[in-house]
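**Student:** Residues per chain are reported as follows:
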Amino acid sequence: MHDKGGTSVPSFSIALTGSGGAGVMTAGNMLLEAAAQAGWYGLMVRSSGPQIRGGEAAALLRLAARPVDCLDDRFDVVVGIDWQNIHRFADEIPLDAGSLMIGDPDQGNPPEVFTKRGVRLAQIPFKRMAKAIPGSWPNMIVLGVAGTLAGLSAEMLKSVVRNSYKKGGDGLVASLAAVDAGVAAAAQGLPATPRLGSPGRIGKKPRWLITGNEATGYGAVRGGVRFVAAYPITPATEVLEWLAPALAGVGGTLVQAEDELASINMVIGASFGGVPSLTATAGPGLSLMTEALGLAVAAEVPVVVVDVMRGGPSTGIPAKSEQSDVNIALNGLHGDAPRIVVAPNSIADCLTATQWAVHLAEKLQAPAIVLSDQYFGQTRAVVDRPADVSFIGERVLAAPRAEGYKRYALTESCVSPMAIPGTPGVAYTAEGLEHNERGIPSSQSGDHIAQLGKREGKLRRHDYGEYWAEIEGEGEFAVVTFGSCSGPVREALARAAAEGIKARLVSMRLLSPAQPERLAKALEGVKRVLVVEQNHGAQFHRYLRADFDLPGEVHSFHRAGPLPIRPDEIHRQITEWSRA
Amino acid sequence: MTTAAVAAPITAQAFKADYKPIWCPGCGDYSVLASVNKAFAILELRPENIAVVSGIGCSSRIPAYTTCYGFHGVHGRALAAGTGLKVARPDLTVLVAGGDGDGYSIGGNHFLHACRRNVDLTYVVMDNHVYGMTKGQPSPTTEPDWDSKLSPGGTGLRTFHPLVIALAAGANFIARAFSGDPNGTAQILVEAIRTPGFSFVEILSPCVTFRPEQRDWKSQVRPAPVAPTDDPARAARRIMTDDGFNIGVLYKGARKPYQPPVGMGAKRPADLEAEFTI
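Residue numbers (our numbering), protein chains in the order written: chain A, 1 to 580; chain B, 1001 to 1278.
Rather than coming from a laboratory, the hints here were simulated on the basis of the structure. Please read all numbers here as calculations on a predicted model, not as lab measurements. Ideal placement from N, C-alpha and C gives every residue a C-beta, glycine not left out. Careful, some of the hints might be misleading.
Among chain B residues calculated to face chain A with C-beta under 7 Å, some are [to be verified]:
| id | residue |
| --- | --- |
| 1 | P1063 |
| 2 | F1071 |
| 3 | A1080 |
| 4 | T1083 |
| 5 | V1087 |
| 6 | L1092 |
| 7 | N1109 |
| 8 | H1113 |
| 9 | P1260 |
| 10 | P1261 |
| 11 | V1262 |
| 12 | G1265 |
| 13 | K1267 |
| 14 | P1269 |
| 15 | L1272 |
| 16 | I1278 |
Could you put together the complete structure from these sequences and hints?
**Tutor:** Put into structure tokens, the structure is as follows:
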């Protein structure tokens, strides 16, 4: 793999672009799969124009010998089947003088917005080559070229192509020939590009090829969810589409609801019936669900709502990522309404965090919100199989004919046994009105204060254990972040460490209830805290300021989506501040 | 949901909670509550195997007045909660109840889709043509010229026609009852609960406080002059042309109740990860 003269680098980034229907996503997925089969790690971010079909598309890949959880600062190679509207990706595909752009000479020149960065250029006539192989498509030529540049053998690439034809379809022979043609073209006179190092330990660790949305769905099932009601919304729909057959397979049910008001109330109804329940949505749907989430708080019905965050407010930027639902997740209900908020901090962690959310919701009889985002949800990545965890939904249940049963009894843990319909002698009415311990509506201050205290206390008294945050490194400098910023922060800190800057990472999974004592412990001895998040309003920073005592000097680095926060941006913040 | 293990027959009294309703004296909903309990007794159901689900409004307070499992949720979403419950727990008898504001205004979309979906549950609307809990505002079934503080001189809006909308949206069982006839109402509820699929029972239930003129309903109602039909076209003509006071089962179809997509259920969760494994 090192025979082509390139230098060995920790990761290799390549973007495949073309107008919709050109097949760049297919080629990108196959490239990622071939890299996975070869023992590498990597990920692929999908980006496309606003058109439903036929718009410009870009498959943004990063391949590496070790797990990666963000895109790199720049791309080594861009391959364009054509350049139709590809200039719109200029911000998403950072290039420099070391980058190589490969285009089809028959499709005109690459957009100036790229070439003015001083990139190197090369030409391969993808369309003409595909035409010479009847029944083939240019994207398979591109696969051959891109795979070769990445250091993958023709055989590895063709094995993935063969797999994709397992379900039938014409053109396997033509596709294989097209891959070979691409491999041959790449071998002839392309400028040198960096190559990946050896993939290392193939086959020692089980690995998965998975998106965050699939991982979220699987985490739900592993946590015990057996009822889902859902209304389609970008970028959460794949959670639901994955869950529909998966739930049927394990004896559960998914109902497509008429709107998000229905889906949240359906899952509350199902959970009242004793079945662990979940729905997945994005910001607009979460906005619609907030009233019923308050019902789940008041009536103490466990439910999980996955919010795959996208650019907001309003319809915002539906297919692109932003961490701007922190405020609504933490505070978006009327009244004093304590809820659980959990944020996965990697694509693989979408599984465990969702499973944990189910466990917490069931155990504490409260709604739990999982703050994923479009980057996690729709990015496909090669990950180490996440460790099995014992988090499953277990409710404290009322026994049949329990003497003097009170559904909302004030107990030591503040969790009271829940009677499930069908259990004789303990029937009660789940109540959204304020109520007494029996569940009888009450507007008396004593009952109100007691029940508010119960609902807050059960979340506060629970021991959330080590999983509340990922804490790494040491030093007097710390970066506090959450969600999909954790990947680039981790990478920035590794670069800083290589330059002798010692720093800690605190990636918080449990945002609510706030854990001020745990964070204080994690930040003991810290003199500078950098808070990193992807939104315009510094929502996470404001929350930390309100609910925690942060030590020393605190800086906030926040920037709106949809562009991903890249390791270099954070690295610059760290080095500049440490020099100051 | 077998009653085989039950020795003594259960009475309507067994479904009555020892908890005094908040309703005004003379409210039609008292009689509806009695009819519901009577229907449960006739059907020989056990309280623990029934869930009464509601939203917000005077009539929506009904769950806690029974000894069944109750769910008093948010305004307008009772059908959604009831749908989730019934699909997740098909063994339960689910009765969704509420008023005209809850069901036809804020919950209107769920009403349409519950009719379409045809989940095997019964939906009872206690219709008094007014928002009572908020003290007298016009609802979708209020006459256009009914004067109120919020809509002086009337809304001027055509009244909502729940029965024909239910029919058009696909409800499988459609009936109108009158709270002043508790035995007749109980019989209609028995038939509604027994009929598979989505059963819709509109019960005229006077609000003596804000619509005292509704006391006169007892002299206006009459048994529907013809037997129930399974022909939607005929039912539509009858429902559209009656004056709103024909009592009885007006349509009874044979649509297959909602069945969620069910797999074999034979997989273990861990079996699902094969598709991710490299």
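**Student:** Now, for every hint given, state plainly whether the structure supports it.
**Tutor:** Going through the hints against the structure:
{"no.": "1", "hint": "P1063", "result": "holds (5 Å)"}
{"no.": "2", "hint": "F1071", "result": "holds (5 Å)"}
{"no.": "3", "hint": "A1080", "result": "holds (4 Å)"}
{"no.": "4", "hint": "T1083", "result": "holds (6 Å)"}
{"no.": "5", "hint": "V1087", "result": "holds (6 Å)"}
{"no.": "6", "hint": "L1092", "result": "holds (5 Å)"}
{"no.": "7", "hint": "N1109", "result": "holds (6 Å)"}
{"no.": "8", "hint": "H1113", "result": "holds (4 Å)"}
{"no.": "9", "hint": "P1260", "result": "holds (4 Å)"}
{"no.": "10", "hint": "P1261", "result": "holds (6 Å)"}
{"no.": "11", "hint": "V1262", "result": "holds (6 Å)"}
{"no.": "12", "hint": "G1265", "result": "holds (3 Å)"}
{"no.": "13", "hint": "K1267", "result": "holds (4 Å)"}
{"no.": "14", "hint": "P1269", "result": "holds (5 Å)"}
{"no.": "15", "hint": "L1272", "result": "holds (5 Å)"}
{"no.": "16", "hint": "I1278", "result": "holds (5 Å)"}
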